[in-house]
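Residue numbers (this note's numbering), protein chains in the order written: chain E, 1 to 162; chain H, 1 to 162; chain L, 1 to 162.
Source of the hints: derived by calculation from the structure; they are not laboratory data. Careful: at least some of the hints might be erroneous.
Claimed, not checked - Partial pick of chain L residues on the chain H-facing surface, computed with a CB cut under 10 Å:
1) D17
2) V129
3) Y149
Unchecked claim - Derived EDC-like pairs: lysine to aspartate or glutamate, alpha-carbon spacing no greater than 16 Å straight-line:
4) K96(L) - D7(E)
5) K61(H) - E136(E)
6) K36(H) - D115(H)
7) K119(L) - E152(L)
8) K36(H) - D155(H)
9) K61(L) - E134(L)
10) K37(L) - E65(L)
11) K99(L) - D128(E)
12) K83(L) - E69(E)
13) K99(H) - D128(L)
14) K99(E) - D128(H)
15) K95(H) - D128(L)
16) K96(E) - E65(H)
17) K95(E) - D128(H)
18) K61(L) - E100(H)
19) K36(E) - D7(E)
20) K61(E) - E100(L)
21) K66(H) - E135(H)
Said to hold, decoys possible - Computed far set for chain L versus chain E, every beta-carbon distance over 10 Å:
22) D60
23) T124
24) K133
25) A144
26) E152
Remember, predicted model here, so these are calculated numbers, not experimental data. C-beta atoms are modelled at their ideal positions from N, C-alpha and C, and glycine is treated no differently.
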Amino acid sequence: MSDQAKDNATMIVFDGDLDKAIASFIIATGAAAMGKKVTMFFTFWGLNVLRKDEAINIQDKNFLEKMFEKMMPRGPKKLKLSKMNYGGAGSYLMKKMMKEHNVQTLPELIELAQDLDVKMVACTMTMDVMGLKEEELMDGIEYAGVASYLSEAEDANVNLFI
Amino acid sequence: MSDQAKDNATMIVFDGDLDKAIASFIIATGAAAMGKKVTMFFTFWGLNVLRKDEAINIQDKNFLEKMFEKMMPRGPKKLKLSKMNYGGAGSYLMKKMMKEHNVQTLPELIELAQDLDVKMVACTMTMDVMGLKEEELMDGIEYAGVASYLSEAEDANVNLFI
Amino acid sequence: MSDQAKDNATMIVFDGDLDKAIASFIIATGAAAMGKKVTMFFTFWGLNVLRKDEAINIQDKNFLEKMFEKMMPRGPKKLKLSKMNYGGAGSYLMKKMMKEHNVQTLPELIELAQDLDVKMVACTMTMDVMGLKEEELMDGIEYAGVASYLSEAEDANVNLFI
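Kindly generate the complete structure, drawing on both the sequences and the hints.
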């Protein structure tokens, strides 16, 4: 594989903050529009970006899993800013200012990424640890572990941890 | 472009914390000193690293933009640590300890980066969103969007998101 | 060096949070198991990952260095989550949930990394600044500066800042 051109892009979306999620999807859709093969690997708090808006009732969760489910932001509309969030005021204002400047919203960016065939992968190990089930995550994504990420990263030169 | 050697370095400076800004400029100046072409792309909170020390009076800002302008740290001397900041005590102590060990200050590192032809680019999209104007940012920098970053990253193998 | 295949992996471990440290070692051990040469460069708060569990009494520290030594988490067992830490409850629960799902603990992952010949390097410049001494850090690691990191990164395409 060492002779191959390394022209793809991968991103590990770890933090799952609103601003970092927006940045990662702007980079991903930009790279995909330039013809690159792009893989986003969502792990730890980044999994919250992929959660469905509505609460999904899963029976076989234990107490800790239920608690994590409740306390973590549910989906792209609930994410918080990494800085200056001020109990949600900051993320509200950021969204307002993005709208004023015709920047796409996070849900729109995610849809665009899927249209551009950006591969979105949920990390199965951290899903297990946090007790998140496939039914709770959005459609059209893939499920894999770190080996899958590393094999994609092998053919890429733009590999970011966000 | 796929046959080309990927030997350059790019950094997305996103967080704009004092410690992360110092780290990014130490890497940038080190790489430039080794003969690499280095591009730093400042976006979101990272734009604060590029702000001038003095307040610049811009007339045509709306209320939200004025508020963001006031609340975000103005330039490299006002940045805070990402951890253990304790209302500024931490960043004061970090600077003191860096001085004791003859580590360059952030303003000195920025100057060195400019002397070494590190390309510093402000992200125009997030400038728009946050209402930051060119007059508020330091001299000698460039202005561009994500496509420009991606085209630099294409020729680099060291691509960091900081 | 530009003709060489860039197939190695490097990681700058900057934040030193429990979750980010776990992620970095899972990536590092995964990449090493695939036969890649992996270098982890620990700097700033990331140095805390390498600290020994027990307090080491060093005589020639000044007041600030003693204070940083006391306030920063001592070693992998004391690290906190980057989010939802809640005074340690979050990291306790995360460890409990990892154990339930048979994910290796951070100390086990570090040991595995060393068995797989992952090169672990402590950044001497930030050690100096923070007043950390070699006696306080775990055995089997190397000591170097940013030039050493950059020279490793030159032969790698997976270069992450965590």
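So, going through the hints one by one against the coordinates:
1. A cut of 10 Å between beta carbons decides the hint on D17(L): the least distance to chain H is about 9 Å, and the hint holds.
2. Hint status for V129(L): holds, given a least beta-carbon distance of 5 Å to chain H, under 10 Å.
3. With a cut of 10 Å, the hint placing Y149(L) at the interface with chain H holds, because the nearest CB-to-CB distance is about 8 Å.
4. Straight-line distance between C-alpha atoms of K96(L) and D7(E) comes to about 40 Å, which puts the hinted pair past the 16 Å bound.
5. Taking the CA atoms of K61(H) and E136(E), the gap is about 42 Å. The hint is violated against a cut of 16 Å.
6. Using a Cα cut-off of 16 Å, the hinted pair K36(H) and D115(H) holds, with the two alpha carbons roughly 14 Å apart.
7. Only pairs whose Cα atoms come within 16 Å are accepted, and K119(L) paired with E152(L) is accepted, the gap being roughly 10 Å.
8. For the proposed pair K36(H) and D155(H), the alpha carbon gap of about 11 Å is at most 16 Å, so the pair holds.
9. As the CA atoms of K61(L) and E134(L) are separated by approximately 13 Å, the hinted pair is consistent with the 16 Å bound.
10. For the proposed pair K37(L) and E65(L), the alpha carbon gap of about 34 Å is over 16 Å, so the pair is violated.
11. About 11 Å separates the Cα atoms of K99(L) and D128(E), which keeps this hinted pair within 16 Å; it holds.
12. Of the supplied pair hints, the one linking K83(L) and E69(E) holds, its CA atoms being roughly 14 Å apart against a limit of 16 Å.
13. For a cut-off of 16 Å, the pair hint linking K99(H) to D128(L) stands: about 11 Å separates their Cα positions.
14. Distance hint between K99(E) and D128(H) is fulfilled; the C-alpha atoms sit about 11 Å from each other, no more than 16 Å.
15. Only pairs whose Cα atoms come within 16 Å are accepted, and K95(H) paired with D128(L) is accepted, the gap being roughly 13 Å.
16. The hinted pair formed by K96(E) and E65(H) meets the criterion: a straight-line CA distance of about 11 Å does not exceed 16 Å.
17. Annotation: proposed proximity of K95(E) to D128(H) holds, straight-line Cα distance about 13 Å (limit 16 Å).
18. Our distance criterion of 16 Å between C-alpha atoms is met by K61(L) and E100(H), whose separation comes to about 13 Å.
19. Using a Cα cut-off of 16 Å, the hinted pair K36(E) and D7(E) holds, with the two alpha carbons roughly 7 Å apart.
20. Proximity of K61(E) to E100(L) is assessed by CA-CA distance (about 13 Å); at most 16 Å being required, the pair is judged to hold.
21. A hinted pair counts as satisfied when its Cα atoms are at most 16 Å apart, and K66(H) with E135(H) qualifies at roughly 15 Å.
22. No Cβ of chain E approaches the Cβ of D60(L) within 10 Å, the least distance being about 37 Å, so the stated non-interface status holds.
23. At roughly 24 Å from the closest C-beta of chain E, the C-beta of T124(L) stays outside 10 Å, upholding its exclusion from the interface.
24. For K133(L), the condition that its CB be more than 10 Å from all CB atoms of chain E holds, with the nearest at approximately 29 Å.
25. Chain E leaves A144(L) outside its interface by the beta-carbon criterion, the shortest separation being 21 Å against a cut-off of 10 Å.
26. Non-interface call for E152(L) relative to chain E: holds, since the shortest CB-CB distance, roughly 15 Å, exceeds 10 Å.
Violated hints for the displayed structure, listed by number in ascending order: 4, 5 and 10.
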